[in-house]
Amino acid sequence: MGFFWDLLQQSQISNQREHAENLESRVRWLENELNRTQTLLRELILRLENRMGEDLDRDGRVG
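According to this note's numbering, the residues represented by the sequence shown are 152 to 214, in order.
Everything labelled a hint here was simulated from the structure, so no lab data went into it. The C-beta atom is built at its ideal place from N, Cα and C for all residues, glycine as well. One or more of the hints may lead you astray.
Derived DEER-like restraints, expressed as beta-carbon distance ranges [what the hints assert, rightly or not]:
id, residue 1, residue 2, range
1, Leu191, Leu158, 47 to 57 Å
2, Asn166, Gly214, 46 to 56 Å
3, Val213, Leu185, 19 to 29 Å
4, Asp210, Gln161, 52 to 62 Å
5, Asn186, Gly211, 18 to 28 Å
6, Gln161, Leu181, 29 to 39 Å
7, Leu191, Ser165, 34 to 44 Å
8, Val213, Asn166, 49 to 59 Å
9, Gly211, Val178, 26 to 36 Å
10, Arg168, Arg202, 48 to 58 Å
11, Val213, Asn183, 27 to 37 Å
Please put together the full structure from these sequences, using the hints given.
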């Protein structure tokens with residue numbers, strides 16, 4: 152019975168490790184996606200400010 156219990160525990164540990172690795176991978180992907188979205192928004196605001204001549208993001212400057 153001890154052998155089967157050890158196998159079961161090892162299987163559960165392996166499953167948890169895979170789940171953690173998948174979660175870390177998803178977090179990395181989300182962080183990259185967030186960075187790309189923030190960069191796109193900054194570029195969009197810059198172009199809009201230059202085109203409209205207004206300070207849209209309230210940073211005290213246009214462009």
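Tested hints:
no. : hint                         : verdict
1   : Leu191 to Leu158: 47 to 57 Å : holds, 49 Å
2   : Asn166 to Gly214: 46 to 56 Å : holds, 52 Å
3   : Val213 to Leu185: 19 to 29 Å : holds, 26 Å
4   : Asp210 to Gln161: 52 to 62 Å : holds, 55 Å
5   : Asn186 to Gly211: 18 to 28 Å : holds, 24 Å
6   : Gln161 to Leu181: 29 to 39 Å : holds, 30 Å
7   : Leu191 to Ser165: 34 to 44 Å : holds, 39 Å
8   : Val213 to Asn166: 49 to 59 Å : holds, 55 Å
9   : Gly211 to Val178: 26 to 36 Å : holds, 34 Å
10  : Arg168 to Arg202: 48 to 58 Å : holds, 51 Å
11  : Val213 to Asn183: 27 to 37 Å : holds, 30 Å
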